[in-house]
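Chemist: Following the hints, complete the assembly by docking chain B onto the known chain A.
Listed below are the residues making up each chain.
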Amino acid sequence: MPDKEKKQGTNISRRNFLKGVGTGTVAATVAPSVLIGSEKAADAQAGDAVANATIQLNINGKSYQIEVEARTTLLTVLRDGIDTSGSNIDLTGAKLICDRGECGGCTVMVDGKSVYACMMLAIDAQGKQITTVEGLADGDDLHPVQEAFVQHDALMCGFCTPGFIVSSAALLNENSKPTVEEIKVGLSGNTCRCGTYPFIFDAVKTASRKS
Amino acid sequence: MEKFSYVNATSLEQVTSLLSESGWGEVMLIAGGTDLLAELKEYIETPKTLVNLKTLPGMDGIEADASGLKIGALATVADIAMHPTIQHHYTVLSQAAGSVATPQIRNVGTLGGNLCQRPRCWYYRDETTNCLKKGGDICYAVDGLSKYHAILGGDPVYIVHPSDLAPALIALGASVEIVGPEGVKNMSLEEFFTLPAANPFRENVLEPNEIVVEVSVPAPKPNTKSFYLKAQEKGAPDFALSSVAGVFEMDGKTCKTASIVLGGVAPAPWRSKEAEAAVTGKMIDESVSQQAGADAVKDAQPLNDNAYKVTLTQNLVSRAAMMAAS
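Protein sequence lines, in the order shown, are assigned to chains A and B.
Okay, so the first sequence: first residue is 1 according to this note's numbering, each after it adds one.
Okay, so the second sequence: first residue is 212 according to this note's numbering, each after it adds one.
Chain A with its partners taken away, still in its complex shape (with noise of 0.2 Å):
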């Protein structure tokens, strides 16, 4: 949390600010997993029942540390968890919108499948690879779904546009052809409240034909 509440104070982004204006809501969802630092972390061993465990997540690529309460989802640790070493893991291109698993604005890829990162736990989530919408580009090479995006204006607001394009990159990753059809059913765990189907179809088409 400190680190957080410095970079707010020094960098004042519409992300930021907007971050901050959560502080409330978001402080009572990280206490739980910096206080259990002063409680025995146990790891979770086969057998043994914990309420909290210090697991090993691979996000992107990178090996996180986090401890965490067992009740703690995957979509929480992504947004609000803090490694051991000390620093925010601030993946927040998953959203937290529903909570339910039925909006889709949570999708990310669990061993390049989707799923909702807010119905899952953090602990369920130990050993495999996932993938936020974050860890899609190349450095500054889009994945082309999102080149495929940005080309047809696939979005308006944008909330829900992080948990399209992991669902679309996970439909590719899945059938890299797909029919129009196809691209229904594909995303059809996804919602967009500005109604912005057609170009989100249109793009998926497109980055189809990259793949």
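Bear in mind the hints are in silico, worked out from the structure with no lab data behind them.
A hint or two may mislead.
Computed cross-link-like contacts, DSS-like style, restricted to lysine-lysine with a CA-CA straight-line distance of at most 27 Å [as the list claims (entries may be wrong)]:
no.	chain 1	residue 1	chain 2	residue 2
1	A	177	A	205
2	B	265	A	113
3	B	214	B	265
4	A	205	A	184
5	A	205	B	445
6	B	265	A	128
7	B	436	B	484
8	B	396	B	252
9	B	265	A	62
10	A	113	B	358
11	B	214	B	358
12	B	493	B	467
13	A	128	B	484
14	B	432	B	484
15	B	281	B	432
16	A	113	B	445
17	B	265	B	281
18	B	358	B	509
19	B	436	B	509
20	A	205	A	62
21	B	467	B	358
22	B	493	B	252
23	B	464	A	184
24	B	252	A	128
25	B	467	B	484
26	B	281	A	113
Computed from a predicted model, the values in this text were never measured in an experiment.
Modeler: For chain B alone, coordinates are given in the frame of chain A:
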């Protein structure tokens, strides 16, 4: 969510022994977690311990041979939907699996979880409502909002069973393997599910210390046609307003045997022996299929807001019968 402790399962014996420590709700099982976590987030369930089943080896397989299918309880809904043999020979099951929720949920949701998921009734899912299902006195759907509730077999709890896989598997004649402290038992999946008249609090016969481990499906007879027809409120994924799993053994247009199981209309998957009788031994034409639809819903007792389900179900059954003959 309340806090809980988390245990990685090491064996079925350990799981049943942990479950035996208390009654319902203290120790709960997690596989995909897509239904369970929603319940925890709404404080419908507040377990002390979650047992992670995903560490149990060899329970996520799908084996197909000439005699039939064996599907482990940890097989994901996506694996079932995409399995080539299931797509070709158990079409109703593959269609049902493909219709479950969204890709994100199918990728983690499991067969066992789909069969044992809890009802979606908005009174049951509301933390502040102590309805009959949760030990209260009243099923609020009776005088309340009942658009998504049961038209068959409801009394006294008018939930509908939300599973898509269950009607398809029952129509295929599946059986379920259950492990408890006393060992293994098998029963037909049809008998696994119970109505609220027998037990208003649960949807199946599992004891608090038992666990579903496998589902077996006999190979369909030659010349079998099977379909899963599901009516949803919107084009996007949703639970069924009404669904029909139909398995028809055909000789040309004549139906030799039929299994017709309804979803989304009763507190358990609803085998319609009436609709089966209407088509069995008959050459299916327009009037036979209409009769099957009418017979399927002749005992329906809609609540205030769900009479539309009677017509919907009737038409789905008729359509399934016509598809069998086409």
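Chemist: Each hint should be assessed against the structure and marked as holding or not.
Modeler: Going down the list of hints, with the structure as the test:
{"no.": "1", "hint": "A:177 / A:205", "verdict": "holds, 8 Å"}
{"no.": "2", "hint": "B:265 / A:113", "verdict": "holds, 17 Å"}
{"no.": "3", "hint": "B:214 / B:265", "verdict": "holds, 20 Å"}
{"no.": "4", "hint": "A:205 / A:184", "verdict": "holds, 11 Å"}
{"no.": "5", "hint": "A:205 / B:445", "verdict": "holds, 24 Å"}
{"no.": "6", "hint": "B:265 / A:128", "verdict": "holds, 13 Å"}
{"no.": "7", "hint": "B:436 / B:484", "verdict": "holds, 18 Å"}
{"no.": "8", "hint": "B:396 / B:252", "verdict": "violated, 33 Å"}
{"no.": "9", "hint": "B:265 / A:62", "verdict": "holds, 24 Å"}
{"no.": "10", "hint": "A:113 / B:358", "verdict": "violated, 34 Å"}
{"no.": "11", "hint": "B:214 / B:358", "verdict": "violated, 34 Å"}
{"no.": "12", "hint": "B:493 / B:467", "verdict": "holds, 8 Å"}
{"no.": "13", "hint": "A:128 / B:484", "verdict": "violated, 47 Å"}
{"no.": "14", "hint": "B:432 / B:484", "verdict": "holds, 19 Å"}
{"no.": "15", "hint": "B:281 / B:432", "verdict": "holds, 17 Å"}
{"no.": "16", "hint": "A:113 / B:445", "verdict": "holds, 25 Å"}
{"no.": "17", "hint": "B:265 / B:281", "verdict": "holds, 18 Å"}
{"no.": "18", "hint": "B:358 / B:509", "verdict": "holds, 19 Å"}
{"no.": "19", "hint": "B:436 / B:509", "verdict": "holds, 25 Å"}
{"no.": "20", "hint": "A:205 / A:62", "verdict": "violated, 30 Å"}
{"no.": "21", "hint": "B:467 / B:358", "verdict": "violated, 36 Å"}
{"no.": "22", "hint": "B:493 / B:252", "verdict": "violated, 51 Å"}
{"no.": "23", "hint": "B:464 / A:184", "verdict": "violated, 35 Å"}
{"no.": "24", "hint": "B:252 / A:128", "verdict": "holds, 24 Å"}
{"no.": "25", "hint": "B:467 / B:484", "verdict": "holds, 14 Å"}
{"no.": "26", "hint": "B:281 / A:113", "verdict": "holds, 24 Å"}
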